[in-house]
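Model the full structure from these sequences, guided by the hints.
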Amino acid sequence: MAFQIPTVKYSGKINQVPVGAKKVLLGGQTAYNFHTFEGEFPNKPKIALDVWDYDPKDEWPAALVEAFQGVTGDPAAWAKKCVEYGADIVVLHLKSSDPNAQNTGAAEAIANVQKVLDAVDVPVIVFGVDNKDKDVETLAAIAEKFAGKNLVLGPVTDKNYKQIGAQALAYGHTVIARSPIDVNLAKQLNILLTGLGLPLDKIIVDPTTGGLGYGMEYGYSVMERIQMAALVQQDDNLQQPMISFFGEDVWKTKEASLPTAENPQLGDAQCRGVLMEVTEAVAVLHAGISVISMRHPASVKIVREYIDKVTDGGAVSGGLPEVPITKF
Amino acid sequence: MALTGIQIFKMLPGTNCKKCGAATCLAFAMNLASGKAELDACPDVSAESREKLSAASAPPIRPLIIGYGPTATKIGGETVLFRHEKTFYNPTGIAALINDSESDADIAAKVKRFQKLQYLRVGLNLRPELVVVKGGARLAEAAKAVVDNSDLSVILYSEDVAALKKATDALAGKNPLIGPATKANAADVAALAKEAKVPVWLKAVNIDEVAELTKTLTAAGIKDIVIDSGARTVKDAFTDSLGIRRAALGGNRDYGFPTIAFPVEITDNLAMQTAVAAALIAKYAGVVVLSDLDGASVFPLLLERLNIFTDPQRPMTVVQDIYPINNPDENSPVLVTTNFSLTYFIVSGEVEGSRVPSWLLIKDSEGLSVMTAWAAGKFSGDDVGMYVKKSGIADKIKHKSIIIPGYAAAILGDMEEELQGWKVAIGPREAAHLPKFLKEFKVS
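Chains as they are written, first to last, in the working numbering: chain A, 232 to 559; chain B, -13 to 430.
Since no wrong hints were added, every one of them can be taken at face value.
Pairwise CB distance ranges (calculated):
| hint | chain 1 | residue 1 | chain 2 | residue 2 | range |
| --- | --- | --- | --- | --- | --- |
| 1 | B | Leu12 | A | Lys390 | 50 to 60 Å |
| 2 | A | Lys390 | B | Ala361 | 17 to 27 Å |
| 3 | A | Pro555 | B | Asn313 | 22 to 32 Å |
| 4 | A | Gln247 | B | Asn317 | 51 to 61 Å |
| 5 | B | Pro56 | A | Glu479 | 32 to 42 Å |
The calculated SDA-like cross-link candidates involving lysine to any residue, where the alpha carbons are at most 20 Å apart (straight line), are:
| hint | chain 1 | residue 1 | chain 2 | residue 2 |
| --- | --- | --- | --- | --- |
| 6 | B | Lys221 | A | Gly549 |
| 7 | B | Lys221 | A | Val547 |
| 8 | B | Lys221 | A | Asp543 |
| 9 | B | Lys425 | A | Ser488 |
| 10 | B | Lys221 | A | Pro237 |
| 11 | B | Lys221 | A | Gln235 |
| 12 | B | Lys422 | A | Asp289 |
| 13 | A | Lys485 | B | Ile308 |
| 14 | A | Lys485 | B | Val342 |
| 15 | A | Lys363 | B | Arg415 |
| 16 | A | Lys485 | B | Asn313 |
| 17 | A | Lys390 | B | His419 |
| 18 | B | Lys221 | A | Phe268 |
| 19 | B | Lys422 | A | Ala332 |
| 20 | B | Lys98 | A | Ile556 |
| 21 | A | Lys253 | A | Leu431 |
| 22 | A | Lys418 | B | His70 |
| 23 | A | Lys558 | B | Asp137 |
| 24 | B | Lys422 | A | Pro330 |
| 25 | A | Lys485 | B | Val108 |
| 26 | B | Lys349 | B | Ile308 |
| 27 | A | Lys485 | B | Ser340 |
| 28 | A | Lys363 | B | His419 |
Derived by calculation from the structure, the hints in this document are not laboratory data. All residues carry an ideal CB built from backbone N, CA and C; glycine is no exception.
Have a look at this one:
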């Protein structure tokens, strides 16, 4: 007898959010991610790669620095490289604006955004440093300067949603609403932003997460609960596409930068960070994430192939990065 | 499906004899329904009712054990689709596939390497535990080479029942999972498994055929069954895994067994196998089989498995202890914080990322985060001070400086009073600011 998968009754859908001047569409799904047998998926999940506004080669693991050799000091060249590597979206991190670091101002931030926008035509996320006052200073100025470009500005938190939200609304940008690993706080921030008048197709949610092996389960379950509330419980305050910035957490771990010789049981140093990134990517995608922000080009290749094959079916393509077996 | 107390009551003798310890049969029925009593407590229940009741109270997914010793792997026994609804109980087993065409020496070298893939983390030993031995002619010899050279448990993979029998005999006492039972050989594999008292895996041509095979095996008296739906694409592997879990939890007994998935037979590429395994660890596989076990691939999967199978009903805590990070020495700074696992993970992650050698003291705060622990009096100055004294950290360092979390700044006075001669420094409120803080911090 033919087997029938017991299906779920969905009552809601994820709002579709167009980003960038070319309006790349995020979200729009009517079922849990990759449940193609019981829902519509007009837009596959998107992959973003990071660009920093200063050269991080002294801070990043060798595997990452090598992949972006020669471009890490130049946001424009770096952004181009990301697109070459297959990124759907570029995230420009305004790392130098951190008051605890170089504390650069809005003028520098604007100049860097301009460079990236001139270099690539994929959507650009401009990301602050999660400092409520500093992010208002830079992002508000950027919003005004790039009116109508539909940039994605973040992070917006309950501490600065009014200032950044109002600027995004006035100048036609999208925001990333970030809350700390909690369904109700995510919902509350969405309510605050829509209360400002921001339309639903201008909000992306970052529910935040711990890194792989560093409490990922908390973020994972909050994502699943948000996805469930949105699709099955018809909670229209949680129906925004979600983004996850786990790449940052993964590459910060000790394991991601440990040389192969120091602990051969952990395998090849080049490959290890990539597969940590891939593993968390696949987990959060299945938990309902619509945009993943990663760092390594090999991760993009593997996760893209995963997304394509789990959605469309068919055999795995050739040409994927190989895992060298470390013998010891 | 679970029965209600009333449904159970109708199947009980109705004598209210109190021999079970409950005042009435109805009370006993209610206790049975909520899992507070065992049916065996009733001496008078009819054989027919007993059968019905035990079938109804069986878990929706059969729990079973593969293997022996330290790598015995319990799978199945799950009750929910989402871990936040209750918890996931039995972590997915991680396996590598070895062909019996490989020489015994090669197999020995491989499994010795696999056995060294063990990682100590938050007091737990993370490791892959299984090897699938595939083939026919040399199945027994190859399987023997695995158990003679490692403590890994074995899954046998051969449709040749004679080869399977020889290998099963060679692994006597090691409780291998044997198979695959297919439409062609199910009766013979069932007979072998019954005699050897080992679990069986079945390989269907597709998910439809699974029911037919589980019925055949069950009728032959086999209870411990593992399902391979035959899926060999990324999409089918995920969809079948989901479908089987949903059907089982919905009460479909033909699908009420744990599963085995073969990323190794979906693609030769280990990176993509890792991605597929990552999906199936989160989404319901009992065992995932890869082409090789290498730290770069298996370490991330073990971390994911640790995370996904953590019980969300209990705040996960870390053992109260001194945790050295980045190989600290006697001049390295000392930090103290609470034992809520997320606090530990975030703080230790930031300290690690800073590359500053440090000592991290974790104080038992009953699994509360810093602010909550402080507010609840589980992280007070004298308390923390006393812990620092008895922790033994003083023997490891030459200085007397200690850093407390910014959110617990108020305990500074009491702590300095308790720790005479120490200098207590207030660290940042957010862990993200620790790297900068540590790089500038000078012990005194």
